[in-house]
Every structure is written in C-alpha cells, then in structure tokens.
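Throw the hints in and build the complete structure from the sequences for me.
Chains A and B supply the protein sequences, listed in that same order. Note that the working numbering has the first sequence beginning at 1, numbered continuously upward. Note that the working numbering has the second sequence beginning at 1, numbered continuously upward.
Don't read these hints as lab results, they were simulated from the structure. Some hints could be false.
[Claimed, not checked] Residues of chain A clear of chain B, computed beta-carbon distances all greater than 10 Å:
{"id": "1", "residue": "Asp-4"}
{"id": "2", "residue": "Leu-67"}
{"id": "3", "residue": "Leu-84"}
{"id": "4", "residue": "Ile-95"}
{"id": "5", "residue": "Glu-158"}
[Stated by the list, open to error] To spell it out: a stretch of chain A is covered by chain B in this simulated footprint if at least three of its residues, at any positions, have a beta carbon under 8 Å from a beta carbon of chain B; those stretches are:
{"id": "6", "region": "7-14"}
{"id": "7", "region": "41-54"}
{"id": "8", "region": "161-172"}
{"id": "9", "region": "185-191"}
Backbone N, C-alpha and C define an ideal beta-carbon position, used for all residues, glycine too.
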Amino acid sequence: MAPDDVLLERLRSGEEAAFATLVRDNTGRMLAVARRILRSDEEAHDAVQEAFLQAFRALDRFAGDSLLATWLHRIVVNACLMRLRHRKRHPEHAIEDLLPQFDDTGHRLDPGAAWTDDVVERMESAQLQKVVRDAIDRLPENYRSVLVLRDIEGLSTEEAAMALGIRPEATKMRLHRARQALRTLLEPHFAQE
Amino acid sequence: MQPKLTCRELIEFLDDYVEDRLPAAQRARFDDHLSRCRACVVYLAGYRGTLRAVALACAGDAPPADVPNELIEGILAARRSEAGARAR
Chain A
1 MAPDDVLLER LRSGEEAAFA TLVRDNTGRM LAVARRILRS DEEAHDAVQE
51 AFLQAFRALD RFAGDSLLAT WLHRIVVNAC LMRLRHRKRH PEHAIEDLLP
101 QFDDTGHRLD PGAAWTDDVV ERMESAQLQK VVRDAIDRLP ENYRSVLVLR
151 DIEGLSTEEA AMALGIRPEA TKMRLHRARQ ALRTLLEPHF AQE
Chain B
1 MQPKLTCREL IEFLDDYVED RLPAAQRARF DDHLSRCRAC VVYLAGYRGT
51 LRAVALACAG DAPPADVPNE LIEGILAARR SEAGARAR
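What follows is the structure in structure tokens.
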C-alpha cells in the first residue's frame, strides 16, 4: 500500500498518532500558503486550524484521487479565501480605474512611461517584496484572489476556477485584468521619469 | 486581409500573447502592431515586468522552518474536542 493509503486507513480508524503525523507533516507547508494569502500570522494560524478540522470531518469522503498533502493544500486555500471575503479591507480601487484607457478608435490614451529592462531585478529584495505586496493588497478582492492563486500559489486555471467557484474562462479574464491593474499600481515604482 | 489590430484589441489578448497561446496568424498580427506602436511596446514591457516582479517578490516564501508547537497542539486538541462532542 502507498504511504498515504496506510496513513488514511489509520486516520479513518481514529488512531491518535496518525492525526499527530498528518498535522506535523503538513502544518509547515499549509502555514506558508496561508501566510502568503492572508499576510497575517494570526489569521494564517486560524486558517490552518480551520482547514485541518474541515479535513478531519471530510476524511470519509476523501476519494484518494490526489495526495493527502495536495488535498490539504486545496482545503487551506479555500479556508483562506473564505477569510479574505469576510475581511475588512484597506480602501480598494475600482478595477476600471486601474485598467488602460482607450479613445474611440481603440488607441491608448496615455502611452505611459517606459520601464527599463532590468528595473525589477535591480530593486533591493526587501523593498521589492513590500512594493509588490502593498500593490497586490490594493487590488479589489476578486482580482487579488485570482492573482494570488495563479501567480503566487501556482494553481492551474482549472484549479483556481474550482477554488473560486467560477468558470475557467472567467478565471483567465479576471487574471488578465488583475495583472493589468497591478501593472498600473507598480508603474510609479518602476517607470522611468 | 484581416484589419490591423487596435491597441485595445492587443491589450485584451496580451495574456495569451505573453503565454504563447496565440495561433501563428494571430501572433503575426500582434507582432505587426508592436512594430508600429511604441505605446503598446512600452505597455508590454511593463506587463512582463509586472509578472517578473510578482515572481521575484514571492520567490523567497519558503515553508517556515519552525512551526509553533502550540499551533500543532491546538489543532490536535480541537480535533479531540470535536470527536468527543460527536461521540456523546
């Protein structure tokens, strides 16, 4: 039997040591995911605990069609998304305000300033992290979620669509708009004068 | 012959262009527009820069070396408490 199958059998039989193994083996990874999505240690801890409790309740329904770690990853991502939806946010921009504008013939109204080739790579690492994360936090919640799931957590379009409860085509469109909006928010930091 | 792309049309499908999902003919129309439109060349450079910035900014997020033991114990205690409540 595969190691996961053995552990799953022990979990379903209620063995305490099996629960301890599952939690110790997976909390680190799940906590890292939750911290990336929620940007708060306290909320990340709560989300990880909620995720494990949901997983324990659903053990009998787990079909074994993925690794336990993958299944737990999906559950903690969903737990974090639920928290994001209920969280009081900083003032958010409307997405339309952050998208490029065009005239009646479809041409750009404002060409914008050029980004030099390696301007991103030349920024000091801690500053880059702060600039990017602050900008991501300013995105409207629906757009922030899809960008986090796709570009930071590395979920596929189909996985992100399922987590968000929207169709894959809608996920792609939302991601593209999120990236455009993020470009606008990052421009003051990277564009040449 | 297909009409030339506008800036709006290019930017609408920019994601597909950047991720190399466009059919060859469509990609050729994109390349033609970029050869004539500095504004879109600038926009594309910034769009690619944005993707690199996100990748670099989040590259260092490794799993934490130390998971607080109280978190692990809290999770296991909460599980026992729920299991006990279900059993009653």
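May I ask which of the numbered hints given earlier this structure violates, with the numbers listed in increasing order? 6 and 8
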